[in-house]
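Following the hints, put chain B in place on chain A, whose structure we already have.
Residue numbers (the working numbering), protein chains in the order written: chain A, 101 to 740; chain B, 378 to 576.
Quick caveat, the hints were computed from the structure, so don't treat them as lab data. Among the hints, a few may not be true.
Stated by the list, open to error - Simulated DEER-style distance windows between Cβ atoms:
id: 1; chain 1: B; residue 1: 410; chain 2: A; residue 2: 498; range: 33 to 39 Å
id: 2; chain 1: B; residue 1: 484; chain 2: A; residue 2: 611; range: 33 to 39 Å
id: 3; chain 1: A; residue 1: 330; chain 2: B; residue 2: 484; range: 52 to 58 Å
Stated by the list, open to error - Covered stretches of chain A (in silico footprint by chain B; criterion: 3 or more residues with CB under 8 Å from a CB of chain B, positions within the stretch not fixed):
id: 4; stretch: 135-142
id: 5; stretch: 330-342
Note that the Cβ used here is the ideal one computed from N, Cα and C, for glycine as well.
Take a look at the letters that make up each chain.
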Amino acid sequence: MTRKPVPLMLLALLSMAPGARAAGAPDGDIADLTLEQLNEIVVTSVSRQEEKLGNAAASLYVISATDIRRSGARSLPEALRLAPNLEVARVDARNYAISARGFNNPFANKLLVLIDGRSVYSPFFSAVFWDAQSVVMEDIERIEVISGPGSTIWGVNAVNGVINIITRNAKDSQGALLSVAASSGEGDASLRFGGKLSSNGYYRAYAQAMAAQDTDNEQGANTFTGMQRRQAGFRADWDLEGGSIALSGDAYQANLGQFNTRDIRLSGANMVGRYMRQLADGNDLRLQLVLDHTERNQPNAYVDRLDTAELEGQHDIRLGSHKLSWGGGYRYSRDDNSPGPGFGFWPYQRSMHWGNLFAQDEIALTPSLRATGGVKVEHNTYTGAEVLPTLRLAWSPDGKQTVWGALSRTVRAPSRTDRDFVLPPAPVMIGGQPRFTVGTSPDFDSEVAKVLELGYRAQPAHNWSYAVTAWYSEYDKLRTLEPNTTPGPYRGVLEFRNLAEGRTRGIEFWARWQPILRWRLNAGLVVQDIDTSLKPGSKDATAAGLVINDPSSYWQLRSSHELSEHVQLDWTLRYNGSMPKPYVPSYHELDANLVWNVRPNINVALAGENLLHARHAEWGAYPGRSVFERRAVLKLTMRY
Amino acid sequence: MVSASLTTYAAPPQPAGAWRNRLPLLLAMLLLAFSCLSVDAQQGGPAPVTERSVKAAFLYKFLGYMEFPVEPGPSLVVGVLGADDVAAELAQITNGRNVGSRSISVRKLSDGDALNGLALLFIGADAALPAASLRAAEKNGTVTVTEQDNGLQIGSVINFRLVDERVRFEVSLPAAERCNVRLSSRLLSVAYHVQKGGQ
Numbered sequence: 101m102t103r104k105p106v107p108l109m110l111l112a113l114l115s116m117a118p119g120a121r122a123a124g125a126p127d128g129d130i131a132d133l134t135l136e137q138l139n140e141i142v143v144t145s146v147s148r149q150e151e152k153l154g155n156a157a158a159s160l161y162v163i164s165a166t167d168i169r170r171s172g173a174r175s176l177p178e179a180l181r182l183a184p185n186l187e188v189a190r191v192d193a194r195n196y197a198i199s200a201r202g203f204n205n206p207f208a209n210k211l212l213v214l215i216d217g218r219s220v221y222s223p224f225f226s227a228v229f230w231d232a233q234s235v236v237m238e239d240i241e242r243i244e245v246i247s248g249p250g251s252t253i254w255g256v257n258a259v260n261g262v263i264n265i266i267t268r269n270a271k272d273s274q275g276a277l278l279s280v281a282a283s284s285g286e287g288d289a290s291l292r293f294g295g296k297l298s299s300n301g302y303y304r305a306y307a308q309a310m311a312a313q314d315t316d317n318e319q320g321a322n323t324f325t326g327m328q329r330r331q332a333g334f335r336a337d338w339d340l341e342g343g344s345i346a347l348s349g350d351a352y353q354a355n356l357g358q359f360n361t362r363d364i365r366l367s368g369a370n371m372v373g374r375y376m377r378q379l380a381d382g383n384d385l386r387l388q389l390v391l392d393h394t395e396r397n398q399p400n401a402y403v404d405r406l407d408t409a410e411l412e413g414q415h416d417i418r419l420g421s422h423k424l425s426w427g428g429g430y431r432y433s434r435d436d437n438s439p440g441p442g443f444g445f446w447p448y449q450r451s452m453h454w455g456n457l458f459a460q461d462e463i464a465l466t467p468s469l470r471a472t473g474g475v476k477v478e479h480n481t482y483t484g485a486e487v488l489p490t491l492r493l494a495w496s497p498d499g500k501q502t503v504w505g506a507l508s509r510t511v512r513a514p515s516r517t518d519r520d521f522v523l524p525p526a527p528v529m530i531g532g533q534p535r536f537t538v539g540t541s542p543d544f545d546s547e548v549a550k551v552l553e554l555g556y557r558a559q560p561a562h563n564w565s566y567a568v569t570a571w572y573s574e575y576d577k578l579r580t581l582e583p584n585t586t587p588g589p590y591r592g593v594l595e596f597r598n599l600a601e602g603r604t605r606g607i608e609f610w611a612r613w614q615p616i617l618r619w620r621l622n623a624g625l626v627v628q629d630i631d632t633s634l635k636p637g638s639k640d641a642t643a644a645g646l647v648i649n650d651p652s653s654y655w656q657l658r659s660s661h662e663l664s665e666h667v668q669l670d671w672t673l674r675y676n677g678s679m680p681k682p683y684v685p686s687y688h689e690l691d692a693n694l695v696w697n698v699r700p701n702i703n704v705a706l707a708g709e710n711l712l713h714a715r716h717a718e719w720g721a722y723p724g725r726s727v728f729e730r731r732a733v734l735k736l737t738m739r740y
Numbered sequence: 378m379v380s381a382s383l384t385t386y387a388a389p390p391q392p393a394g395a396w397r398n399r400l401p402l403l404l405a406m407l408l409l410a411f412s413c414l415s416v417d418a419q420q421g422g423p424a425p426v427t428e429r430s431v432k433a434a435f436l437y438k439f440l441g442y443m444e445f446p447v448e449p450g451p452s453l454v455v456g457v458l459g460a461d462d463v464a465a466e467l468a469q470i471t472n473g474r475n476v477g478s479r480s481i482s483v484r485k486l487s488d489g490d491a492l493n494g495l496a497l498l499f500i501g502a503d504a505a506l507p508a509a510s511l512r513a514a515e516k517n518g519t520v521t522v523t524e525q526d527n528g529l530q531i532g533s534v535i536n537f538r539l540v541d542e543r544v545r546f547e548v549s550l551p552a553a554e555r556c557n558v559r560l561s562s563r564l565l566s567v568a569y570h571v572q573k574g575g576q
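Next comes chain A alone, as it looks inside the complex:
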């Protein structure tokens, strides 16, 4: 009961917030303002971006830069909590489990994540290392979250969703920015500077650092999962007549805590070059080159170095009522793994190749009815060619509502973790033949999903809109860990196979309502049934094979409120249903963020996180799992 007063006290404080007002907003007629004054007005609106998205025949939610700033989110995983169609569970000080439509896990392998077109889904690990991903939060333009398959455009592994993190054009991030945030246990700082280059070019460069203390587990013991990260990078953009060039790069280093060893060390660097050209009316060309290096040195586990080069191109053509897109790409990765004492990857080094070609046509059958058909064929080192088709239909009778449906087939292709994982790292020789306890798993095939989606999206009035999506997915060949019955060289006692299947269904719903200009409400709800089963013949008995642990429902209610011209209050109440294996109780939590714009270029934010409970857990088995405590965060942002 003693927990109750904290949020109430916060509210009491907020109600005393100064109702300051100053120049900036017009008191008279907006048309009487000068160009310079118009340039400085901070606008409040239902974003046009959202309205434009009303056309998409997919379950797409966009997190805007404003949403991120006002929520106070200081990391990518925390910002992703704003998407109602994502399951986000914090595992410990540095790890998160993030997925859409089930199969959530710290090693969730069915969700593709891209930062400015660069995939951060690891082909070594078939998951996203969230501890290695960071951007300057203020430089995010938007985050597009698509739940459901996106393979026809984005390729294998976009099984349950795609997250596109898009940073701002350098011309939109000019000048200096300093942001510093501190709380008990965590802190971060970013410094960015943007300027002009010759010939219609702009750049920005940044440096940032963060530190998170170890969390405690349910019994108050240290989990040794804290981390520190340092990162620097740049982005340059050039406007050409009829086109543009973007070049960006980042380099980072991090130390992660681990019980009873020295720190895990991460480092990496990447470079992305992108050329876009508007060839003619509605005909666009896009070429992109990505170079990426990551290194993960984990004592007692492995040292992994992964180098990737990727080239891809896309051409959009408009022909009468057809909007045709086609393109292709090639990616090469070399993974070099030095095993530790516990487990390894066999062979230690592997070169991997991916090649793809795709074509998609969107046909306007009538002015209000659009059909989209497309297929991508992607070839990978392990399973050869994978076919990824989709068929979509969207009917927009009056521009204020869209009914859509989609049928897709998508796959998750094997990574080194699925095929090459071995235990122990060095084989025991039996009769001159190497033998492992677990792995290798040459029989592991791609996991396949067939997905049916039906959606309805409407904007009955300019200040409110909603979207509902229902889905049904059939999964086949899900990963299991089985006794190895087919001996051969390099084969172990256990191996990964594909002897499970699953059916998932659910409804995603979200709505936005802006009853008055000062106040906006967002609500989101997902109800789902994630059901998997072992096939006859499977002897999977561990959690290493078939892993699922999803809530049957989760929801959020978010309020964004202009208390006065200079003070904004946002709060989010979220609920996560209980999870069965391992059992995690359901929880409600409340986060609030109060932003005070002291001057047009300076703001101070006070955030309260996890206000409802002294501590709560989001993932893992009792009592070893991390708990997250109620706390306050103070943040200062300055721009010049």
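For chain B alone, coordinates are given in the frame of chain A:
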């Protein structure tokens, strides 16, 4: 890594009492009530401004900082395509206002409408074929304004962007030259980005 998912399943801890399940709802209601009350209390404060009204005001202002190649006649016609809300706002703003001695008339356009006789054309985010409309407008010597990421790249003269929650505009001088419009230095000095020719 994989070992981390080989977790043992512990017995569920005791769930909390039922009162706790009702607390969040109670709290949500409190917060909502608070929001409503504080909204009520400040109806007198300065009204927040919408993106569409700032864009409409800019469009009206732009007319005063342009020299059109041909004498446009007694009235300046502004076409608004794919942005009905901006058209409504602009019509309201310009009602009873002149640019010099000329009155302003606003024409709300739909995809496929003829684009002749316009001094200025705003192509909103909802326009189906913005590039085609831009080309048609350029042929008529109409100054074009867009609101999309690559607006200048597809040929518009002025492009709105939302930067740090403010409506900013960028200008393409080559595109202005193509439709023979002269933009005042004042307009160019307020633009946050001026794309020059010679690429």
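Checklist line | Unsatisfied constraints (hint numbers, rising) | finding: none
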